[in-house]
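There are 2 protein chains.
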Amino acid sequence: MATEVDLSEYIIAPDPGAARLTRAVEGVDQNGEVSRISVVEERPLTIFLNSQEIVTAMTIGDYPEYLALGFLRNQGMLRPDDEITRVDYDDDLETVVVRTARETSYEDKLKKKTRTSGCAVGTVFGDMMEGLEGVRLPQVQVRTSWLYDLAAKINRTPSLYLQAGAIHGTVLCRESRPLVYMEDVGRHNAVDKIAGWMLSEGETAGDKILYTTGRLTSEMVIKTAMMGIPVLASRSGFTAWGVEIAREVGLTLIGRMRGQRFVCLSGEDRLLRDVDPATVPVEDRKHRRKSANGS
Amino acid sequence: MATEVDLSEYIIAPDPGAARLTRAVEGVDQNGEVSRISVVEERPLTIFLNSQEIVTAMTIGDYPEYLALGFLRNQGMLRPDDEITRVDYDDDLETVVVRTARETSYEDKLKKKTRTSGCAVGTVFGDMMEGLEGVRLPQVQVRTSWLYDLAAKINRTPSLYLQAGAIHGTVLCRESRPLVYMEDVGRHNAVDKIAGWMLSEGETAGDKILYTTGRLTSEMVIKTAMMGIPVLASRSGFTAWGVEIAREVGLTLIGRMRGQRFVCLSGEDRLLRDVDPATVPVEDRKHRRKSANGS
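Chains as they are written, first to last, in UniProt numbering: chain A, 1 to 295; chain L, 1 to 295.
Hints were generated in silico from the structure; no laboratory data involved. As the structure is a computational prediction, the values presented were derived from the model and not from experiment. It is possible that part of the hints are untrue.
To give an idea of the chain L side of the interface with chain A (calculated C-beta under 10 Å), a few residues [to be verified]:
no.: 1; residue: V140
no.: 2; residue: R256
no.: 3; residue: E268
no.: 4; residue: P277
All C-beta atoms in this analysis are idealised placements derived from N, C-alpha and C, irrespective of residue type, glycine included.
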């Protein structure tokens with residue numbers, strides 16, 4: 001397994017050096033001495049669908065168009081067959097307007113909300129579960145060697161996560177190749193940005209793996225399934241509902257991935273163990289990422 | 001500093017053994033062998049204010065009444081002077097109804113939402129900032145010895161966080177004593193449960209410290225300030241907006257607390273350094289918690 005990560009594999013890699021994404025702030029440390037550290041930016045982005053204001057999302061602000069598209073798609077406000085006519089981002093107003101050929105009105109949807117561990121704004125809880133009813137995830141094979149390679153590469157990829165903390169990352173992958181690595185202050189923003197990118201690029205989902213640094217909550221599982229991606233993996237832990245939903249929709253769910261270890265609580269039938277776990281290198285402590293919440 | 005934590009100090013301590021809060025699930029590990037692990041529960045709780053359905057929150061389900069009260073309070077739907085006449089939790093329907101003497105109607109508030117890194121459902125972003133305008137946080141003194149003691153005690157307190165992962169904890173403290181330790185799948189649920197407890201008990205805020213395992217985002221800072229608590233600390237990192245808001249409202253903000261180290265980016269004037277950091281024990285690796293996202 002490669003010890004250095006080849007960033008050229010990425011279509012979109014994190015850009016921790018991007019000036020807009022972090023800010024240097026000055027404070028004091030435990031000794032009262034000046035401490036100058038880098039903290040991640042967080043800005044409001046107001047998303048409109050046609051003429052209707054939908055939500056204001058706090059985001060690091062790197063991919064506002066993808067965030068808007070992905071958010072609307074994952075909330076079910078953009079349908080798979082919708083023709084998107086324009087996406088306009090105004091940096092001064094910090095707004096994105098997504099326009100469709102179809103007339104839209106989501107007054108009712110906006111009245112009922114579900115606050116999940118992240119927040120599925122604008123979606124009734126029942127709607128969330130209904131949205132999964134038509135989901136059929138393909139019975140693709142997933143080699144464990146790919147999972148180990150991906151975890152190793154992603155853990156070594158320079159990112160805001162590693163540099164400035166306070167942020168979640170989610171990576172769209174195919175086989176052993178990480179493709180699109182999105183980060184944001186909100187776990188669900190990172191996933192939505194990936195969904196927005198896939199929508200923009202017309203990218204297929206059934207051949208992909210989604211890897212996240214975050215916890216495998218019900219909302220993460222629901223979004224992954226709705227995006228049509230059959231495999232979700234994380235170094236972090238699970239929630240019982242996330243596991244239940246994964247089993248209901250037939251998603252392959254892998255958590256607590258560290259070094260050679262992992263636990264698969266759903267969709268084990270997709271796994272092809274093509275490498276002896278004992279040969280997987282122990283995690284290099286220097287590169288080891290912290291999991292969310294000690295899981 | 002104590003090496004064992006005295007759980008009797010807590011008014012409410014985590015109850016990781018509570019049967020309802022976790023579930024044993026079975027899957028397979030990397031070797032294809034059966035793996036039986038404990039995962040945290042996550043259930044929907046629908047919150048009503050008088051006759052109006054407000055939101056459905058995904059929660060571990062341990063303190064539904066406190067969650068409802070605290071959520072409504074932190075969203076500004078319950079005012080400080082409101083007379084709460086009843087709080088009814090129905091376990092079968094998984095709903096909580098909070099009733100007030102005052103008639104309420106939040107149609108407008110519910111239409112505009114702010115999705116923050118967690119989610120301030122039902123609050124217009126502008127409203128969130130306005131809600132802070134009247135906030136005056138007391139100029140209390142905070143001894144660094146208290147912060148070190150709290151961190152050590154909290155890190156050693158058995159919790160779902162340590163046991164099952166996938167969960168955030170926030171602890172209401174006074175001086176060096178942890179009082180109320182709430183956990184939940186959503187960081188903001190944990191804070192809301194504390195707010196709900198404080199409301200129920202008529203507890204003062206100005207003499208308290210809020211300690212969280214989560215990131216110090218703008219929403220965490222806003223909630224802490226709106227609760228009237230002048231100090232917020234975490235082992236995790238900051239966001240730029242969180243720092244800005246903390247400075248605007250005069251909140252003492254301390255992050256990256258590990259062992260003897262910390263960074264204070266706001267409200268340093270409250271800190272009284274009454275102990276030499278070099279005497280603070282290095283973190284016991286066995287008890288060390290993971291931070292959110294490597295910060």
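These are the hints, each one checked on the structure:
With a least beta-carbon distance of about 18 Å to chain A, the hint placing V140 of chain L at the interface is violated under the 10 Å criterion. Checking R256 of chain L against chain A by beta carbon gives a least distance of about 8 Å; that is within 10 Å, so the hint holds. Evaluation of the E268 of chain L hint against chain A yields a held restraint, the C-beta minimum of about 5 Å falling below 10 Å. About 4 Å separates the beta-carbon of P277 of chain L from the nearest beta-carbon of chain A, less than 10 Å, and the hint is met.
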